[in-house]
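Take the given structure of chain A and dock chain B to it, following the hints.
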Amino acid sequence: MSLLTLAGAPSTVFMAAGAPSTVLMAAGAPSDAITAPPIDFNLTAPVLIALAGAILGVLFEAFLPRRARYPVQVVLALITVGAALAWTLVEANRGDVGVTFGGAIAVDTATYVMWGVLLVLALPSVLLMADRVSEPGGAFVAQAAAGIGSKRDRLAARVAAPMQTEAFPLALFAVSGMMIFPAANDMVTLFVALEVLSLPLYLMCGLARRRRLISQEAAVKYFLLGAFTSAIFAYGLAMLYGYSGSTQLATVAAQARAGDSSDVLLLGGLALVVVGLLFKASVGPFHLWTPDVYQGAPTPVTAFMAACTKVAAFAAMLRVCLVALEPMTWTWQPVLAIIAGASMVIGSVIGITQTDMKRMLAYSSVAHAGFILLGVISMSETGASATMFYLLTYGMATIGAFAILTVVRKGDGEASHVGDWAGMAKRSPVLAASMSLFLLSFAGIPLTAGFIGKLSVFTAAMEAGLGIWVVLAMIATAITAFFYLRIVVVMYFADPVTVSPAQTPVAVAAGGGRPAPEGRRFLAVGTASADAPYVVLPGILTTVVIAVAVIVTLGLGLFPGPVLDLLTIPLPLLS
Amino acid sequence: MNSWYLVVLIFLPVVGALVLAAMAGAPAKTAKFTALGFSLAELAVAVALWMSYTSAATVSQLDVPFRETFSVTWIPYFDINFSLGVDGISLTMIALIAVLMPIVLGASWEERLPAGRTIGGYFALLLVLQGAMVAVFASTNVFVFYVAFEVMLIPMYFLIGAFGGVRRAYAATKFFLYSLLGGLLMLASVIGLYVASGQVLGAGTFDWVTLQSIASQIPESTQMWIFAGFAIAFAIKAPLVPLHTWLPDAGTEAPVGAGTLLVGVLDKVGTFGFLRICLPLLPAASSKLAWLIILLAVIGILYGAIVAAGQSDLKRFVTFTSIAHFGFIALGVFAFTTQSIAGAALYMVNHGIATGLLFLVVGMLTVRGGSKLVGDYGGVWKVAPILGGMFLIAALATIAMPGTNSFISEFLVLIGTFSRHPAWAVLATIGIVLAAVYMLWIFQRTMTGPVRGAAVVGGRGPDDLPEALPEDAGDAGGPEPAVEPVPVGASAVGGLPVPSGGGAHAAPTRYGARARVKALFGDLTPREITVLTPLVLLIILLGVYPQPVLDVINPTAERTMVDAGYTDPVPAIDAPLGGGQ
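For the record, the sequence lines run as chains A and B. Per our numbering: the first sequence = residues 1 to 575. Per our numbering: the second sequence = residues 1001 to 1581.
Since the hints were derived computationally from the structure, they do not count as laboratory data. Among the hints, a few may not be true.
Using C-beta positions, here's what the derived DEER-type ranges look like [stated by the list, open to error]: (1) B:V1007 <-> A:P334: 43 to 51 Å; (2) B:V1072 <-> A:G82: 31 to 39 Å; (3) A:G465 <-> B:G1565: 22 to 30 Å; (4) A:V430 <-> B:Q1217: 46 to 54 Å; (5) B:V1437 <-> A:P429: 45 to 53 Å.
Just so it is clear, CB atoms sit at the ideal spot from N, CA and C, and this is done for glycine as well.
The shape of chain A in the complex, shown without the other chains:
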């Protein structure tokens, strides 16, 4: 409804659009000419900045010469995210809140907190995407249109041709979608935001420079499953509209409070909408795309998805739960608690069997999604704040871990098999220690940020009477610790993989006859064959990302007080 209103549609069209009930008429528009809703550009400026940056990026991509695109796009993306973040902070500091765009967008303290966390995580993600040292030429393919294995593709890979810089505007579009998502106060806006954030991600998943087939497979999988979920979400939205006669979150809640309509529509619609959100957050049984997509997507994109998409999805879920679903908490809370439990068990148990680092981190993210969901369904101030804090700590550690993943390599690609990391502590003690720190943070060991995140989420859940699920979460954490520890064991206590010298010439030939470039630190002493795992000296951008992740993980573990205060979300949310 509000979209139509925004479009300034005449009232006849409005009627023809099939609003069946008089409730709608009473709730919204008078029958005479529609007055344009007030739009507060000040409140929504961070989103507009991100959108403007994205559109500018597209224009630059079209008009700038190829050589100039990379620096311009990187700087533009960083400035855009930085400016949006700065504006968010200023606005939050000023305490400007309000519902704008005809009730479609709610900007309150919670929104600022969500935007802040999102943008803080988007910044290092963009840096990681911009890195061209770990993967010569960049993580993205030089020419997405070139057929896989074609002459042009091979040439581009060999000469380390510059990457396709559309990735940056795409990322900015995704960020804008992610920003609208948790601010959406209206189901249609929510749906549009979902698409705005998803479509660029589908594309970016398929842009990996190496192992392009698996990358494109990931993109198709993600797209198909995502499209299905969008449909499910839209169906749920339609049912809720049928129930309440409005797509406004608050109206649904009011109707549910009044309780004089069909509960079937309400519960059915609610379930379908929540499924759509759970899919994006890769929770529990809706996680099936996660391992494949995490594995196939270019690693910086994986990091971006693991950190930022999760923030957006859970933040949106917070708003939907706290505003629209609040009146019937007792109906859905047990169901979501079971889903959270299932997510923890699935993520932790299946994670044990994984031997690929990215898949392992994917299952770990499924387990973590279960923990975070506990914070969401606590339905309290502490729960909401804890969820955002958890997302911040988890996102930082995840980005750090994926950043390290990009510099451990084998042959031409990343050495993503766990066994390839053997003996890393001896050759790259700093990287191994950083990785261990992130893993310990995932495992919730005290003095890391992950521990404080777990503490706050589980405290909120315990206060909400979800004690039994907290105990399950603890057991799941112990199980996930098993495969985190395995990585630590491999890095610290195992001897490096050595490649027998007989294979060396063949391997070198297969690698295109290039001599090993400078800066490779082979894990095994004395081997220099192209098939032995080695560590690239991380470029400046990746170094910054890893350093920031380490500092945040340690800092929030030792002195979380100020950030916990900063991320406090007062209830009730505006609607």
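Chain B alone, transformed into the frame defined by chain A:
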């Protein structure tokens, strides 16, 4: 007013570790002496703390639970303060850590480490471990306790995993996972305590003193759940019997120094936790579930003793004797009498000293023989009399011979238990008999009789470490083998002892001069004797005159009794006269 002793005690070793890390390239000798210097400084501070504690104006501990307190705001969002303080029991444990540390460093002076590891790194991790252990005993905030409890794992994990024996990665992972699972369940309970206190007070708190003051207001059903989480964590750490299986692996694979700290101090965190957290903060649940812990404790006493008798690996043997002893400690804690609790607290110290000595002596023995198997040793006394003597003292202290320190504590535990649970006390007493059986038997097999066994006769064989460090060759302290060492056969490395003639026994040495075997095997060096002497002295001193320690412990034991809501049972002798309750 803040007292800085505890802060210094926690962070001094950590600073020491950082200094060691900073001078990574320095020669091994410098690193060793730096570490030793820090541990001696720590000991000096601990002595000062002890003096300050005992000389302080005698306020009843019933009014002021902790002295030498320190508190600073840490995480205001959760109302968490970094609060430290000591009572009698934690003071003695901190003193034990401070005393053991230089000894452990001295004993590890010429540790043969796996390839690629430096002694500086080893000592740095030991120092970090020390800081974390002190923090556990010194915390007066449940949150700080939990943090220290978990942080303690990390240095120990790397100590076992990076510096341990053949199956070190397996043992380290098992240790970490067991402890982490316990720790996480404990975190659930810590949060539960916070939430429960919030329901009573309006705002949750982690502060021990506040929690203690509202302990009786927390509903019993809630207490049971919270108790369960803590009890599992402490039972894993202590370890009580069904949850003990990590200790034999960890203890066996850990390098000697780390193993000594593991068995001597780190495991005491479990029983200390029962005393510090479960009894005072969850009195209703503690008394409701005491039977369960007592049952597990008595099973542990008997099972540990029986299994210990059957061990063929010396280090595993020591860990199983410890499991039996932890049973006694847990029994004393949950018998709820002043005597048994004081006895248990004293036992924690005494066991640290006695088992510390035993573990170190066994370590020195196995380094010489190159094998950990009992069957590879025989008649060691004749070859290395000082080593044998030390082993005897450690053995006697372990079986709680009167005149050694363990006797007093075991006696207190049993006598205290008897006054409340006579049947359990009688059952536990069987454990003492079994202790004599396993200890004397192992002594007889390894130390007495004719000089025999592959490890002894064969001399310094290939260690079970992957390879000896190059620096080993330059050691001036250790006795150099006079002749080319005869390799120890398969029996030394893994499987069952091979019957004589299996290649392990070098024919000429069978009737060869004992002097040659002696020179080959070597008695304790002056360094090793110096290191062990303080422990021997403590064993005898505390065995004859335990009063100074008991004076410190007793008020805390009384306070714990009051907190747990118990009074000592009236002696049973009154009952026939009609005076009993």
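Hint-by-hint comparison with the structure:
1. Checked against the given bound of 43 to 51 Å, the beta carbons of V1007 (chain B) and P334 (chain A), roughly 47 Å apart, stay inside it.
2. A C-beta distance of roughly 36 Å is found between V1072 (chain B) and G82 (chain A), which places it inside the suggested range of 31 to 39 Å.
3. The hinted window of 22 to 30 Å between G465 (chain A) and G1565 (chain B) holds, with their beta carbons roughly 28 Å apart.
4. Hint check: V430 (chain A) to Q1217 (chain B), Cβ distance near 50 Å, so the stated range 46 to 54 Å holds.
5. Against the hinted window of 45 to 53 Å, the Cβ-Cβ separation of V1437 (chain B) and P429 (chain A) comes to about 49 Å, which satisfies the hint.
Checked against the numbered hints given earlier, this structure breaks none of them.
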